[in-house]
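Just so you know, we're using this note's numbering here: the sequence shown kicks off at 2 and counts up by one.
Everything labelled a hint here was simulated from the structure, so no lab data went into it. Worth double-checking, as some hints may not be accurate.
[Stated by the list, open to error] Derived DSS-like pairs (lysine-lysine); straight-line CA-CA distance at most 25 Å:
#1 Lys35 <-> Lys313
#2 Lys100 <-> Lys201
#3 Lys356 <-> Lys195
#4 Lys343 <-> Lys398
#5 Lys313 <-> Lys192
#6 Lys356 <-> Lys402
#7 Lys455 <-> Lys398
#8 Lys398 <-> Lys192
#9 Lys356 <-> Lys455
#10 Lys343 <-> Lys356
#11 Lys35 <-> Lys192
#12 Lys195 <-> Lys313
#13 Lys402 <-> Lys455
#14 Lys343 <-> Lys195
#15 Lys47 <-> Lys35
#16 Lys100 <-> Lys47
Given the structure is predicted, the values throughout are model-derived calculations rather than measurements.
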Amino acid sequence: MDIPVSPDSLIQSSFIALAPEVRVQVAIDAMAEKRASCVIAVEDGKPVGILTERDVVRLTTQSLFQVTSTLAETMTTGLVVLNLSETHDTFALTQQFSKHRIRHLPVVDAQGEIVGIVTPHSLRRSLKPEYLLRHMRVTEVLQPDVIHGFPGNSVWELSAQMTQHRVSCVVILDPESHLPVGIVTERDIVKFHKLGLDVKTVSAQEIMSSPLSTVAPLDSLWEVHERMMALRVRRLVVVHASGELAGLVTQTQMLKVLDPVETYRIMAQMQVLIDRQTQELNRLNQELQLNNQTLTQLSAVDELTQVANRRKLNDVLREQWERLAQHRQPLSVLMCDVDYFKAYNDTYGHLAGDKCLVRIAQALLSVTWQSSDLVARYGGEEFLVLLPNADERAAEKVAQKIQAQVASLQLVHDGSPVADYLTLSIGVVSVVPDRQRSPEVVLNIADQLLYQAKQQGRNNYILKLLVSSSDSEATNPILLS
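Generate coordinates for the entire structure from the input sequences, incorporating the hints supplied.
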């Protein structure tokens, strides 16, 4: 019995296609933004390679890997592809996934040009065997052997485990109770690369998905399916009633256990439902496009300088303020302003001014070293450097490095009365945050110090220590030189 499946409901026509010569960082950013599991390299309309989430995890552990590499240098070639005419037999497709140990099958037309991809996810959505899934339990597909780690493990260590064991996730266990508290997936590693953080210093605790959404061994596979669809995930952690880890259930495992004869019978009964779900898929795709537009508008990166924007700064400042207040650790803020920038624009033009701001942003990035440090464009020609866990001595060293780095750029500024080259004025404030004070007070004081630096001749910095309210009986902030 051979019931064809409509290609529209089986083939995922929305996918990321990039030229092989683009930078791999562009591909990783696109995967993170679109929540896509792969990027297809396309030349003259034909697929020539693929970069998957698993590839990104594998590359993370390689010391020679650079995000400035091209897609052609990192992608997997020798693709297994499907002709459009071969997509009628859904169970032959499942055998392709198992035979080649892959999760993506590019589909090409008669001319060899790519028209879409088939994944276990799209295949399972096209089948939708509700009746069968309602009568099967998690225990029937449970994967009991789970690779696990601990909150203190670095991202690099987690990536190495995924690569070594060829798995798509690591379950994070509490080091004392050994109960599952989080999960790190290949998709998390991809998003991590988009942020440009250090894989050897950032821990699992900082990027893991927590709290966990779990299922029980006796839950039906239909409940698992519904939960996966609602959370937009490809795997769920299974726990016993005691909270102990029982295993994992994945989309791929659910697909493998479907009996062909029973599934074909169910498909014949549910053709109308499949058509409805195709319409629902189209609606969800439209919603996804609208959501992506919204996410683009709310992007955390300044378009010109590619450092954090004001929105991102405010979010990070509030988060770090709360964290540092809890642990009684210092925070330093450096407010930087380009001296006589209006004169620079008037002398060299706004295009040169934009290029100047980009160079300044890169100089600021070059003197930060901790993954928690943040460089943001505060507005116009003003930048702000956020240094969590840095006291006034560390902040002063950074201020000195910033001025030295900017001086080394030797950006000629004939319109400046203080130097032949472009310079910065900096206001520096250090404080141990507390919950009795708003983090905005630090920004206001840094701005005041910046103003003082300008009043005192520019091309300098002024540093003050703001005494915590818990360390002083004074009701107003106290500034110490």
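Hints that the structure is at odds with (numbers, increasing): Checked against the structure, the hints that fail are numbers 2, 4, 8 and 14, while the rest are satisfied.
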